[in-house]
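K.L.:
Spelled out, the chains give:
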Amino acid sequence: MIVADRKPINEILWMVGDCKKILVLGCKGCVTVCNAGGMKEVGILASILKIARKKEGNPIEVEEKTLERQCDPEYVEQLRDTYKNYDAVVSMACGVGPQFLSAAYPDQKFFPAVNTTFFGGAVAHGIWSERCAGCGTCIIHYFDGMCPIARCSKSIQHGPCGGSSKGKCEIAPDVDCIWDMIVRKKTEQGRLDDLLMVRAAKDWRTSAHGGPRKSIREELTK
Amino acid sequence: MSELKSGSNLEKVLKAGHFAFTGECGPPKGANVEHLKEKFSFLKGNVDAVNVTDNQTAVVRMSSWAASAMMVQSGLEPNYQMVCRDRNRLAMMSDILGAYSLGIRNMLCLSGDHQKFGNHPQSKNVYDIDSIQLIAMVKKMRDEGKFLNDEAIDVAPKMFIGAAANPFADPAEYRVIRMANKIEAGADFIQTQCIYNMEKFREFMKRAVDMGLHEKAYILAGVTPMKSVGMAKYMASSVPGMEVPESLIKRLQGAGKGKATEEGVKFAIEQIQEFKEMKGVAGVHLMAIEWEHKVPELAERAGMLPRPKVD
Ligand code: SF4
Ligand code: SF4
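Going down the list, the protein sequences come from chains A and B.
Residue 93 in our numbering sits at position 93 of the first sequence; the count goes up by one each step and never skips.
Residue 1203 in our numbering sits at position 203 of the second sequence; the count goes up by one each step and never skips.
The set of hints was computed from the structure by calculation and includes no laboratory data.
For glycine and all other residues, C-beta sits at the position ideal for the given N, C-alpha and C.
Among the hints, erroneous ones may be present.
Unchecked claim - Only part of the chain B face toward chain A is listed, based on derived beta-carbon distances under 7 Å: (1) H1114; (2) I1129; (3) D1130; (4) N1166; (5) D1170; (6) P1171; (7) Y1174; (8) A1185; (9) S1238; (10) P1240; (11) G1241.
Stated by the list, open to error - List time: in silico DSS-like cross-link candidates among lysine-lysine, alpha-carbon distance up to 25 Å: (12) B:K1200 - B:K1140; (13) A:K109 - A:K65; (14) A:K222 - A:K185; (15) A:K20 - A:K40; (16) B:K1227 - B:K1037; (17) B:K1015 - B:K1139; (18) A:K65 - A:K21; (19) A:K166 - B:K1206; (20) A:K40 - A:K55; (21) A:K202 - B:K1116; (22) B:K1124 - A:K7; (23) B:K1279 - B:K1309; (24) B:K1216 - B:K1146; (25) B:K1044 - B:K1012; (26) B:K1139 - A:K202; (27) B:K1266 - B:K1250; (28) A:K168 - B:K1116; (29) B:K1116 - A:K166; (30) B:K1029 - B:K1279; (31) A:K202 - B:K1124; (32) B:K1044 - A:K166; (33) B:K1279 - B:K1206; (34) A:K202 - B:K1146; (35) B:K1200 - A:K168; (36) A:K166 - B:K1250; (37) A:K109 - A:K84; (38) B:K1200 - A:K186; (39) A:K202 - B:K1227; (40) A:K185 - B:K1200.
So here's chain A without its partners, still in its complex pose (with noise of 0.2 Å):
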């Protein structure tokens, strides 16, 4: 899934401005799944910025709403009745979120209240770490399914570097290295030779340094 942050509510705040009246627009997504943006956050958020206004001596209506998904226009339709009652949108989905709300409602004012981190899962409660930076060329089956585009500080296809300590990466004690993952899985079953190719420069074009990318399934545009 995607994985998101939300941001300060210093920031948030910021953002809001003077508005009076918002609107703080969940999605029940991937942003739920890591407690970022979901129902339940929505509730808190609005909560807080209500709190904090009236502190300020400029209290804020805010309402709360939570869509099925923020990146899918069928979804997004479901405002049109209501967008236009507030001077801003503020959006707790991923980045794809505002943008189709922007997209759909071009005369509304959309904000980010999340920082769309990257695509991982959560490998302990509360703790969420990334695995894939869609490269759109995947590679992992020469890796036993680890990836080292999105997970060596290095993006390397041949590793590990001479940084590697421990099973941990030169960049910091609590990252592991992946390339000393692979090359123990590797070793211990055996397949140590698989590494020993020279491979090839990566083709980066299909991935973000090709261009906005667009995926298009002939079968389904008919």
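Model the placement of chain B with the ligands on the given structure of chain A, informed by the hints.
P.N.:
Frame of chain A, contents of chain B with the ligands only:
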């Protein structure tokens, strides 16, 4: 290894079977050419080639190709370092062509320290290709006369290709294999990370020799003299992939007040003596960064002078 690949002095010295001696020089944090030239004067005539670091530890410095080119002008042979952190394949290939045009003939291909360690941790990192792919690219440019995309190069750059190996990083068993991978990709010579754990390095070399790697590439052992007990402790605890045995720290401490520096130098000289005899070791790479003025004395005391002249 029949005819010369690049014609660099380092290549000639190694090919003639001499025990090579390379040094290192960090370009200034600024455009202080005078200071850089002063460093050159300590190295000239005392080593066969000098590594010129490329924004080492991710701190911005004068570009390694420019400092290398100045070195060529001063009659000293550079070993031009290039890291994968700061440039994509276009910039790399164009810098290689530029460097070659300025008379640079040796190149060391590195991943580079992550920018998190440096003075611009906010920067984007590039890593378009990794160090092994860089080695293969420089080889392709030299031997096939082609860019990475297979287009022909109008006068190919002929570089003597170097790579780094760290016998002390983890997983330990894999380190010789990764060096083999670099040699397979096209490395002509290897310079190792600085060595303090001799026991572990002997094992590393034994495995390398068993695999015949010393016959495919020249392996130069890395030496950095310890200047103080503090430096030894810092390297032991804070430099990833560095191994400093407790016995060495004790030895420096035991030397007594004001004598640790000399003890560190003595240890380095003992190391060099052992490397001269060690099977598979073709030379020593002396990394005396910010200690360049000590190089003449170190070279002399280690019996590395005079440096051979090979035509
Ligand atoms: S190789 Fe690319 S697509 Fe596959 S997991 Fe890694 S980043 Fe994602
Ligand atoms: S230590 Fe491991 S994860 Fe970190 S940059 Fe090096 S190879 Fe990649």
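K.L.:
For every hint, state whether the structure bears it out.
P.N.:
Here is how each hint holds up against the structure:
1. H1114: At about 5 Å, which falls below the 7 Å cut-off, the nearest Cβ of chain A leaves the hint on B:H1114 intact, so it holds.
2. I1129: holds, 5 Å
3. D1130: holds, 4 Å
4. N1166: This interface hint holds because 4 Å falls under the 7 Å limit.
5. D1170: Given a least distance of 5 Å, the restraint on B:D1170 holds.
6. P1171: holds, 5 Å
7. Y1174: holds, 5 Å
8. A1185: Because about 5 Å separates B:A1185 from the closest Cβ in chain A, which is inside the 7 Å limit, the hint holds.
9. S1238: violated, 11 Å
10. P1240: It holds, given that the least Cβ distance between B:P1240 and chain A is near 4 Å, below 7 Å.
11. G1241: holds, 5 Å
12. B:K1200 - B:K1140: Judged against 25 Å, a Cα distance of about 34 Å means the pair is violated.
13. A:K109 - A:K65: holds, 16 Å
14. A:K222 - A:K185: Violated, because 45 Å separates the two Cα atoms, which is more than 25 Å.
15. A:K20 - A:K40: Holds, at roughly 23 Å.
16. B:K1227 - B:K1037: holds, 23 Å
17. B:K1015 - B:K1139: holds, 18 Å
18. A:K65 - A:K21: holds, 14 Å
19. A:K166 - B:K1206: Judged against 25 Å, a Cα distance of about 23 Å means the pair holds.
20. A:K40 - A:K55: Answer holds: A:K40 to A:K55 is near 23 Å, not above 25 Å.
21. A:K202 - B:K1116: The given pair, whose Cα atoms are some 24 Å apart, holds under the 25 Å limit.
22. B:K1124 - A:K7: Status holds; Cα separation ~22 Å.
23. B:K1279 - B:K1309: holds, 24 Å
24. B:K1216 - B:K1146: It holds: about 23 Å lies between the C-alpha atoms, which stays within 25 Å.
25. B:K1044 - B:K1012: holds, 17 Å
26. B:K1139 - A:K202: Between B:K1139 and A:K202 the Cα gap is close to 18 Å, so the pair holds against 25 Å.
27. B:K1266 - B:K1250: Status holds; Cα separation ~14 Å.
28. A:K168 - B:K1116: Roughly 15 Å separates the two Cα atoms, so the pair holds.
29. B:K1116 - A:K166: holds, 19 Å
30. B:K1029 - B:K1279: The hint is violated at about 39 Å.
31. A:K202 - B:K1124: Distance ~18 Å between A:K202 and B:K1124 Cα, so the pair holds.
32. B:K1044 - A:K166: Violated, because 40 Å separates the two Cα atoms, which is more than 25 Å.
33. B:K1279 - B:K1206: Distance ~8 Å between B:K1279 and B:K1206 Cα, so the pair holds.
34. A:K202 - B:K1146: Answer holds: A:K202 to B:K1146 is near 18 Å, not above 25 Å.
35. B:K1200 - A:K168: holds, 20 Å
36. A:K166 - B:K1250: Roughly 24 Å separates the two Cα atoms, so the pair holds.
37. A:K109 - A:K84: holds, 10 Å
38. B:K1200 - A:K186: holds, 23 Å
39. A:K202 - B:K1227: violated, 42 Å
40. A:K185 - B:K1200: holds, 24 Å
Comparing the model with each numbered hint stated earlier shows that hints 9, 12, 14, 30, 32 and 39 do not hold.
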